[in-house]
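Residue numbers (the working numbering), protein chains in the order written: chain A, 14 to 202; chain B, 14 to 202; chain C, 14 to 202.
A hint or two may mislead.
Identical chains blur together in the list; that is why a pair holds if it fits in one copy or across any two.
[Said to hold, decoys possible] 30 Å max Cα-Cα, derived DSS-like pairs, lysine-lysine: (1) K150 x K174; (2) K121 x K150; (3) K174 x K106; (4) K106 x K121; (5) K121 x K97; (6) K100 x K121.
No lab work stands behind these hints: they were computed from the structure.
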Amino acid sequence: MNVFRRSITIRTFSDQYHQIIFSFIYVTELSYMNMVSTPNIFCLVKGAGEGRTLLNAFDQALLTAGVGDTNLVRMSSIVPPGAKQRKSITLPKGGLIPVAYAHIDSGKPGEVISAAIAVALPEDPDLAGVIMEYEAKAPLAEVEEIVRQMAQDAFEYRNRKLGALFSTGVEHTVESCAAVFAGAVLWYE
Amino acid sequence: MNVFRRSITIRTFSDQYHQIIFSFIYVTELSYMNMVSTPNIFCLVKGAGEGRTLLNAFDQALLTAGVGDTNLVRMSSIVPPGAKQRKSITLPKGGLIPVAYAHIDSGKPGEVISAAIAVALPEDPDLAGVIMEYEAKAPLAEVEEIVRQMAQDAFEYRNRKLGALFSTGVEHTVESCAAVFAGAVLWYE
Amino acid sequence: MNVFRRSITIRTFSDQYHQIIFSFIYVTELSYMNMVSTPNIFCLVKGAGEGRTLLNAFDQALLTAGVGDTNLVRMSSIVPPGAKQRKSITLPKGGLIPVAYAHIDSGKPGEVISAAIAVALPEDPDLAGVIMEYEAKAPLAEVEEIVRQMAQDAFEYRNRKLGALFSTGVEHTVESCAAVFAGAVLWYE
Numbered sequence: 014m015n016v017f018r019r020s021i022t023i024r025t026f027s028d029q030y031h032q033i034i035f036s037f038i039y040v041t042e043l044s045y046m047n048m049v050s051t052p053n054i055f056c057l058v059k060g061a062g063e064g065r066t067l068l069n070a071f072d073q074a075l076l077t078a079g080v081g082d083t084n085l086v087r088m089s090s091i092v093p094p095g096a097k098q099r100k101s102i103t104l105p106k107g108g109l110i111p112v113a114y115a116h117i118d119s120g121k122p123g124e125v126i127s128a129a130i131a132v133a134l135p136e137d138p139d140l141a142g143v144i145m146e147y148e149a150k151a152p153l154a155e156v157e158e159i160v161r162q163m164a165q166d167a168f169e170y171r172n173r174k175l176g177a178l179f180s181t182g183v184e185h186t187v188e189s190c191a192a193v194f195a196g197a198v199l200w201y202e
Numbered sequence: 014m015n016v017f018r019r020s021i022t023i024r025t026f027s028d029q030y031h032q033i034i035f036s037f038i039y040v041t042e043l044s045y046m047n048m049v050s051t052p053n054i055f056c057l058v059k060g061a062g063e064g065r066t067l068l069n070a071f072d073q074a075l076l077t078a079g080v081g082d083t084n085l086v087r088m089s090s091i092v093p094p095g096a097k098q099r100k101s102i103t104l105p106k107g108g109l110i111p112v113a114y115a116h117i118d119s120g121k122p123g124e125v126i127s128a129a130i131a132v133a134l135p136e137d138p139d140l141a142g143v144i145m146e147y148e149a150k151a152p153l154a155e156v157e158e159i160v161r162q163m164a165q166d167a168f169e170y171r172n173r174k175l176g177a178l179f180s181t182g183v184e185h186t187v188e189s190c191a192a193v194f195a196g197a198v199l200w201y202e
Numbered sequence: 014m015n016v017f018r019r020s021i022t023i024r025t026f027s028d029q030y031h032q033i034i035f036s037f038i039y040v041t042e043l044s045y046m047n048m049v050s051t052p053n054i055f056c057l058v059k060g061a062g063e064g065r066t067l068l069n070a071f072d073q074a075l076l077t078a079g080v081g082d083t084n085l086v087r088m089s090s091i092v093p094p095g096a097k098q099r100k101s102i103t104l105p106k107g108g109l110i111p112v113a114y115a116h117i118d119s120g121k122p123g124e125v126i127s128a129a130i131a132v133a134l135p136e137d138p139d140l141a142g143v144i145m146e147y148e149a150k151a152p153l154a155e156v157e158e159i160v161r162q163m164a165q166d167a168f169e170y171r172n173r174k175l176g177a178l179f180s181t182g183v184e185h186t187v188e189s190c191a192a193v194f195a196g197a198v199l200w201y202e
């Protein structure tokens, strides 16, 4: 953002006793470039849902996860340098929320579906962290093990020292038509 | 957005006749957090297109829908509280436009493809509305019935009183290679 | 952005010798609508990667392409009017970056995978350009020829005079588990 300041001093009365100085300050927005700021917090969320359709099941899963009344914008999967983790997060209703997520659905009763994400954070706070997503028709333990390995791998081939690794996920046995969702929401504080 | 104002008064001449007061106002951007505002209008759009490839057919469908020269960013599907519906919408060329949409394509001549969206708005304007999308190789009547039910369901399991429900869609019989698109664009006014 | 300026002059001392004029300038943000600005530069990037999983392979491909530590937000595929091409681009780590891309992965050793994009720019700088993406289990020469035709087609049915057409892509023979990526990043300068 370019904020230009101009101070102009005009002497309007020059008699002996009066000095009037006006200070004008112009705040203009010449070539204002409004890119989206890089988020500075993140929060892990997860949920499972059933519905009459797969999309309704997904919508239910989002509601369970606490992000159901927002507009999730999916992105590839980086924790910005220095971003802080929050246990919970308040998002504007209908807001455009950047998120990385794992998601799977199924209309086959009895089937087990799981979604998990892992977050790898660097020792060096000036470097980016990595979010990995994995989902499968399998128990959560399996899915979560894989996604943790994925996050570790991402640090290994980046030659980046791992400071912390954590993961979360959700497993659900399909009743009629279900979806599971595990995500990392990025936002601002 | 944090705009900090500081007024500093400096008396530089203290002789009897001169008083010079400078007012400095600094507009700084300390910890300026530029998240995207929540949109406040929405507009339903739809279109069908044929093309040499499926992506060109989709591009044609977007042009028919009036959103062909923009950069659509797909999102999960909420109408922000209080957002107003517009019959038409002017979008910046190449702009980054949040949209929820249904979309299906086919390279099988004679096949019928349909895409529809439904919007459920709440009685209470402080609550969010829901956009649902559905698409199938089926007549529009079928597809639109399903998507309307999906939106109603979304309100039912939210325990949210329905104020209004509407839908739109498009059906197309494939000539050679075709796509249909029905979307809800969110934007600002 | 609405920046309101109000100048209020208050005479606080009215004795003969002193005149104090305060200029207050309020910068307020009434009905500030923070939509994302339309990007004004673009940069073509590409990469191939191998990994233990398909997502890690994709992550590696992004790193090779120089966009691996950012949050890519996928969009439909327009070059904003007047946007300038850059040979390279510096992106904020973890930043939310609009991108159009082609992408394909495979876990079948020996398979050839290719991803390519083509950019068509108009003669008239007030009109939008088009980005087309194509990917296949095929040599790059084939994939790139198709994607160039797609971009030309997009201009033909827009009745838009072509000023320039260029393309890039990447071909990779799968070792164990691989992904290729070719994209057009939009950003600001």
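These are the hints, each one checked on the structure:
| no. | hint | result |
| --- | --- | --- |
| 1 | K150 x K174 | neither (32 Å within a copy, 35 Å between copies) |
| 2 | K121 x K150 | both (11 Å within a copy, 21 Å between copies) |
| 3 | K174 x K106 | between (37 Å within a copy, 17 Å between copies) |
| 4 | K106 x K121 | neither (32 Å within a copy, 41 Å between copies) |
| 5 | K121 x K97 | neither (39 Å within a copy, 39 Å between copies) |
| 6 | K100 x K121 | neither (33 Å within a copy, 40 Å between copies) |
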